[in-house]
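Protein chains in written order, with UniProt numbering: chain P, 1 to 313; chain X, 1 to 383; chain B, 1 to 347.
Be careful, since some hints might not be right.
Quick list of in silico lysine-lysine cross-link-like pairs, DSS-like style, CA-CA up to 27 Å [as the list claims (entries may be wrong)]: (1) B/265 with P/123; (2) P/123 with P/201; (3) B/246 with B/265; (4) X/75 with P/201; (5) X/75 with P/123; (6) X/289 with X/225; (7) B/265 with B/281; (8) X/172 with X/135; (9) P/122 with P/201; (10) X/75 with P/122; (11) P/201 with B/265; (12) B/254 with B/265; (13) X/135 with P/201.
Note that these hints are calculated values from the structure, not bench results.
Here the structure is a predicted model, which means the values were calculated and not measured.
Residues per chain are reported as follows:
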Amino acid sequence: MSDSEPRTDGGATTIGRLRRNLDRMTVEGAGLYVVLVFAAAFYLVPIESGLVTSFKTGTAIIQTAPFAPPGPSGLTFEKWQTAIDTLLRGMGNSLLYAVPATVISAFVGSITAYGLTIPTWKKSYKAVVLMLIIAGIFIPYQAVLVPLTQFWSQWAQLDQVLSFVWALGIDDDYVGIVELVITHVAYGIPICTLLFRTYYKTMSDEMIESARLDGATLRRVYRRIVLPLSGPMFAVVLIYQFTQIWNDLLFTLVIVSTESSPAAPVVLILAGLGSSLEGQDFALRMAGAFFAALPTLAVYIFFGEEFAEGVAA
Amino acid sequence: MATLELDSITKTFQDGDEEIVAVDDVSLSIDDGEFLVVVGPSGCGKSTTLRMVAGLETITSGTLSIDNRVVNHVKSQDRDIAMVFQSYALYPHMSVRQNMSFGLEESTDLPDDEINRMVSETGEMLGISDLLDRKPSDLSGGQQQRVALGRAIVRDPEVFLMDEPLSNLDAKLRAEMRTELQRLQNDLGVTTVYVTHDQTEAMTMGDRIAILDGGELQQIASPLKCYHEPANQFVASFLGEPSMNFFDVALDGDRLVGDVFEYPIDDEVRADLGEATDLVLGIRPEAIKLVESKSDAHEFEMTVDVVEPMGDENTVYLHFDPDADPESAETLVATIDGFTRVSEGDSVVARIPQDAIHIFDGLTGEALHNRSMEDAADQVDLA
Amino acid sequence: MLDFYRRLYRTIRPSSGDGDEVRADGGVVSDGPATGPPTEPDRDATARLKAALDRRFGSDFMESSIFWLPPFLLMGLFVYGAVIWNLLISLTDYQRFENAPDYSDLDFEMYTRALADSGFIDAAVNTLILLIAFTAGTLAVGLVLAILIDRGIRFENSFRTIYLLPMSLSFVVTAQFWLWIYNYNNGIANSVIGTFGLGPVSWLGNQDIVLYAVIFALMWQFSGYAMVVYLAGLRAIPREHYEAAKVDGASTLKMYWRVIIPQLKGATISAAVVLMVFGMKAFDFLYSLSGGYRPPNGADILATKMVREAYANLNWAYGSAIAIVLFGMALSVIGPYLVYEYRRDNL
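Put together the whole structure using the sequences plus the hints.
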């Protein structure tokens, strides 16, 4: 900043000039921090207010400010208890498809990106395949919903294929979980491929060439060189995909459809939680929202860096 | 061990609508056990040529044979070659031992203990036995270089390919590795193609050197032959530091007439020139002698412009005309003994001996007359 | 299968006369037809076909196809296959509890119906408003945050983590928060404007306001994303540019406006594309806000209308037609973007 000062102001002494700059710096610096803290408050208040509200009794909600903590008399864990009771089975169901779908789509994305990045074939043909894949990231899912419903309900009779599973006493609604895994993998391939591709593009060409000259086939190069070096990117992709799949409502809505289904994922149950004919129970809604968000919040808090990298790519 | 034959190898790239010729009709044949250095300025196609031999680039036209087997469409991994890269290209997640075993594991069916034995032996040969369990990131540049070499050597391939393997090392280490590489290649006797832009490496390491420019092969011969009997002006200027002096001259009877001097030639030299009249006279800096006083037509009175002392020798920049603008005047560069005292502004007499001159065709650059190599290198054994 | 390859081979053959020097490769032949035991000439033919394909597409084409082709086909089936199927369905009259669409009678009836449906027109207009306002607002907030954070502040990581936090939450979750904030009696929004003597406002009940209330909530959730993209862009600008501008005597504001922001074009374009796509997917948020297919009055967008028509009203073909319109909107954003990236050699 001091560089922008003209050097020829003979009036002021060097020390005076320095002090003035210093003063201006602190005022500016302080202003900067004030703005940043206000912005932080803006991002945190909705979450904070939700959190305190989830511990409030019905009267406390009306009597205290929405972001103020409940007083001792207004404190209750009852809503959390209800939320957990209602959502727990949904959590289990969500994990049941989110985890396999995340792992499979990350792995498939890695393989696809490898095949489209490391081996040498004509760039112009590669570009066509890549464009089709990348465009797949941006397709609004509404454009595939009706066919998707048709496909799972009329064409792919998965519930009949899996009849041996139902024979074991598992509710046949769980076919929805299998369908969700396959659906999320298919629609997750584009973003996973793109993420891995940005990573593989930075890998040393000479190292890959060296491995091929050493007699390794493409399959062996992947297995022994590329896959072991993909660790950091797997962290990014797994975290990103898990968050996306866990948070998605649309596919669960059309594939599992009812929140009363034994296979209903947590987002589906949450969407209808706390609204009844008598009005909306906000404390319950907030408790439910927090409980449902726990896995993604945990992932975000522990792997914030990887999450940021995933969304920025 | 094998012979390697490049027959009219051409490589073109498509850049938009333009077609770029990277390697143009290069033919080379490399003997079994020979060390060939491919040298040229950057962008001359030397690396592309090497990469085609390795199978990392497709060949646009021409045939490539290893041991008389055409390998144009054979994949890299099936060509039985090993390559050392400029960046070393070590596998960062593997220990040195795993790096060196990788090629044997992938390309042979050897049992593990046999592979281990070979890796240990090679490690000993290269003096890296105590590094075998370390990761590449723990090694110095020189050590990484040795591992890269070891990884190539342990496979005992038909052909070694080396792409500027020493250029990431500092000067001292580079000189050491140069000697060591030569020793290794001698001991192992594996056919080697070595690409470099460094003329010292080219001159000192190879049995023969191939000089490329603009994708075309300029000359392939022993280093000394290329130095003393260059095929054309490009080769003459590329080899030697400081570079050969060139003067545009015209042939007038038995004299070469330049802008500021005339140089008489005898019939023997004259006979080499044929019909050409636009000529370039070349003389290596070290062939120029400073003498006491002008006594024949091959000696010129000159002015010292700049002296660059190098220790064992001085590089002296001379002008023909003492009053000329030093920026534009024709300069003659001479290397003289380090103890000879000259300083800026001195008037000296420089001798350009006729038995050391080169004459090139001014239009094609082709060498019409070269100094005789026997004269030039009387005490060197020219096997 | 084998027949197909043989025919293909015969058509390719003349253009690759030098196929004779190709060795019968023992490597990975991913197209290996599994019908019956291959006879010797057949294997030779596949090897030649493989070599011919490799020469046409590049040396690793066949060997690498095992990696990308199956996932590509799976993705292609679910994305492009489904879009084409959806287009077909939109041309039928499929509705109610019919088991399958009747493909024998195709027409554009559903599209003309959409044009006559004022609900559709409103939803389309709302979608455009949402896309433009949400994208522009989010980019602006993200840019300001990125510039502030890039000033070499302390606790940079903590601030960044806080700003990006809403992005990690599900639309379903954030909708609950905003429902509470916009609550007429006890919500924060009304208590904040109440301190200035304004309101209370029925944020979600007033048809003229609700869309902007939704946009504000979405901006809250995604401006952290824009910030991260801009931050990466800012970090890629060499320090010398800042210093040079300062030496030239430009004020801080001018320096950003004239020197730094123009260099963020690439970041702006890619962030804008992603944000528009998020905007088109705002369905989850609106669904959770109302707890059903019917979003608050005045906040209906094409994404919600499509799902409602198809899954609540069982007008499958009509829903498909709306989906195609939405797809067209998305395509008009992504298409130019992909061409742009391809031109920059960035794919």
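Okay, the hints, checked on the actual structure:
no.	hint	verdict
1	B/265 with P/123	holds, 26 Å
2	P/123 with P/201	holds, 14 Å
3	B/246 with B/265	holds, 22 Å
4	X/75 with P/201	holds, 22 Å
5	X/75 with P/123	holds, 19 Å
6	X/289 with X/225	holds, 23 Å
7	B/265 with B/281	holds, 24 Å
8	X/172 with X/135	holds, 25 Å
9	P/122 with P/201	holds, 16 Å
10	X/75 with P/122	holds, 16 Å
11	P/201 with B/265	holds, 22 Å
12	B/254 with B/265	holds, 17 Å
13	X/135 with P/201	holds, 23 Å
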